[in-house]
Amino acid sequence: MQINIKDLLSGAVFVSFGVFYGVISIRTLDVGAANAMGPGYFPLVLCVVLLVLGAIVGVRSFSATEAVHIGKVAWRPIICIALACFTFGASVRAIGLFPGIFLATFIASVSSAEIGLTRAAMISGAIAAFCTIVFSFGVGLPIPAFGPLFTF
Amino acid sequence: MDIFNNLGLGFSVAGSLVNLLYCFAGVMLGTIIGILPGIGPVATVAMLLPLTYGLEPTTSLIMLAGIYYGSQYGGSTTAILINLPGEASSAVTSIDGYKMALKGLAGKALAVAALSSFFAGSVSTLLIAAIAGPLAALALSFGSAEYFSLMVVGLVSSIALASGSILKAIAMIALGLLLGLTGSDLYTGAARFTFGQVELLDGLDFVAIAVGLFGVSEILRNLETSGVGRSVIGRVKGLWPTRGDFSRMLGPSVRGTAIGSMLGILPGGGALLSSFVAYNVEKNISKNSAEFGHGALEGVAAPEAANNAGAQTSFIPMLSLGIPSNAVMALMIGAMIIQGIVPGPGVIQKNPELFWGLIASMWIGNVMLVILNLPLVGLWVRLMRVPYWILFPSIVAFCCIGTYSIASSSISVYLIAISGVVGYFLIKIECEPAPFVLGFILGPLLEEYLRRTMILSGGDFWIFLQRPLSAFLLLVAAIVLFFVSRPYVARRRKGIFVDEQ
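For the record, the sequence lines run as chains A and B. Just so you know, our numbering puts 33 at position 33 of the first sequence, and the rest follows in order with no gaps. Counting from 1 along the second sequence, just add 1000 to a position and that's the residue number in our numbering.
Simulated from the structure, these hints should not be mistaken for lab results. The beta-carbon is built from N, C-alpha and C at its ideal position, and this holds for glycine as well. Each hint should be verified, as a subset may be incorrect.
To be verified - Straight-line Cα separation of at most 30 Å, DSSO-like style, residue types lysine-lysine; simulated pairs:
id	chain 1	residue 1	chain 2	residue 2
1	B	LYS1287	B	LYS1103
2	B	LYS1103	B	LYS1428
3	B	LYS1103	A	LYS72
4	B	LYS1287	A	LYS72
Said to hold, decoys possible - Estimated spans, in silico, between C-beta atoms of each pair:
id	chain 1	residue 1	chain 2	residue 2	range
5	A	ILE133	B	LEU1186	39 to 45 Å
6	A	ALA129	B	GLY1334	32 to 38 Å
7	A	GLY116	B	LYS1103	30 to 36 Å
8	A	ALA94	B	LEU1021	39 to 45 Å
Full structure from sequences and hints, please.
Here it is, written out as structure tokens:
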């Protein structure tokens, strides 16, 4: 039996979304009827569609003509870039644009093992400076260059 | 002839030094905004609206309009170079445009995009001049049933955007529709799928999702393999299209312009659909349809022409009916009202210099954009050939700033990361993002029209077939579905026959 892992996972994704959102729709939203559609009607229809399609794709994956595997997964970049965005989003209001961008780009640069820490620090400083000049002073975005945490 | 008189009036108004200056400022700003991932024309027009209070109404509209269609040009630039559509309608351009860039044809792709946009801009200017009045009247006959059927056509077209399994494409559309419904319900105000977050009441930020899904996931893909010392974009072979390329570009540009012009006139998001539909039509008609999805020139020319034509013709319902096609048009209406001009059926008669001046300046703006963008193509390509370890942190930084600044919302930035990682995995299991994006954009619209039609018809689903225009559109959708599934069905049949042998 050849399994197409990609299709199996796709089916799983669709089914899970369908179930998750479907349960939310039924339990928290008013579904209503065809002539008085509530907020939950259309979402429920879509969830059913997702469930059905996900099931078909998933079941079909077991009868693949050849086994298909997923390629390499870039775990370190995923963690680093996600962390970079989360850090920026959580901290920019407190620490300002320059430190925020510096942190975000530094963490993002760490995703590649080839970039040394010094190079990462350099590029982060350069990008942070560029962004601060262009966005804070140039375009006039309402994000302070250095946030409340840095003012004494 | 009337049209020449009108255009003459328009050009004399648009050609004044002040208007030319503000037109240039508008398109320049629009291009920059379009290039920066995250900050879009809506935010820019909104920020600059107060600046236009002191200007003449025509001048302010000229500048704001310049920002709008200028951003379409800029948005395609990033879509082609780093797979990051700056605008919703540029998402289609990135499908083939980015593949061309990877093959070293970035310059060519950018030139094709600029030239077909210019062609579309010129033609739609003439078109608007010729048939603005009667077209607006036609658009009035579109009721909610017709809009729903039109959206269905759009959705079915987006299946063509995927080069893989049709079932998965439909599922991605459904997923996009579902996630697009996040936010407060239009009719009842109920909060849907917001998980208690107030920031999500307006829906999931589309820009954040697009930036993550296309841009960040691409970065993650590139980081799979080592070698950040080199650039991702292939070595540039030739910045300019060859004669053969020009003849390949012509048909798609013409068809794209026609589709974009027709769809842009429909108030309520017609222009958004135009690039998606044009891509689908081109894919089915083209002799090179196998190349679509892997770097086909036609796959860049058609949607680019369509979205530029759509952007310009979407001014027609705004000016003649007072109905905005999208958020930017709504802001323009605001600008006009502040200046004391009430948009509506009378604007063309009562303020001819405003209407025709705006139309003429759109053409002038397109000329400026082509002059601005084509020489810059070489510069952009050189910029993007920077080693990746410099490029990708910069992209992450710009995405964060841009998305955060739209609403000072941290949730949008988190959303970039989430959709980036999720998008990376989805693409790994061959679920394509393009149909998802269209579903996401159309979801709320589709549901709104469906519910309104159901309320009006009292729950009778047959109304979609009883109204002739709606029935026609559904037939078109069925035909599109047939054409789209044909290669898939043929492949399966071939597979079965091969097995039997």
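Legend entry - Cβ separation of GLY116 (chain A) and LYS1103 (chain B), checked against the hinted range 30 to 36 Å: 31 Å, holds
Legend entry - CB-CB spacing for LEU1021 (chain B) and ALA94 (chain A) relative to the 39 to 45 Å hint: Since ALA94 (chain A) and LEU1021 (chain B) have Cβ atoms about 42 Å apart, the given range 39 to 45 Å holds.
Inset, instruction - Would you mind confirming whether the straight-line C-alpha gap from LYS1287 (chain B) to LYS1103 (chain B) stays at or under 30 Å? - result: 21 Å, holds
Legend entry - Pair hint outcome, LYS1287 (chain B) versus LYS72 (chain A) [Cα-Cα no greater than 30 Å]: Answer violated: LYS1287 (chain B) to LYS72 (chain A) is near 35 Å, above 30 Å.
Inset, instruction - Decide if the proposed pair is consistent with the structure: LYS1103 (chain B) and LYS1428 (chain B), CA atoms, cutoff 30 Å inclusive. - result: Between LYS1103 (chain B) and LYS1428 (chain B) the Cα gap is close to 21 Å, so the pair holds against 30 Å.
Inset, instruction - Given the hint that LYS1103 (chain B) pairs with LYS72 (chain A), test it: the Cα-Cα distance must not exceed 30 Å. - result: Measuring from Cα to Cα gives roughly 22 Å; hence the hint holds.
Inset, instruction - Please test the hint of 39 to 45 Å on the beta carbon pair from ILE133 (chain A) and LEU1186 (chain B). - result: 42 Å, holds
Legend entry - Supplied distance hint 32 to 38 Å, evaluated on CB atoms of ALA129 (chain A) and GLY1334 (chain B): 37 Å, holds
The structure does not agree with numbered hint 4 stated previously, though it agrees with all others.
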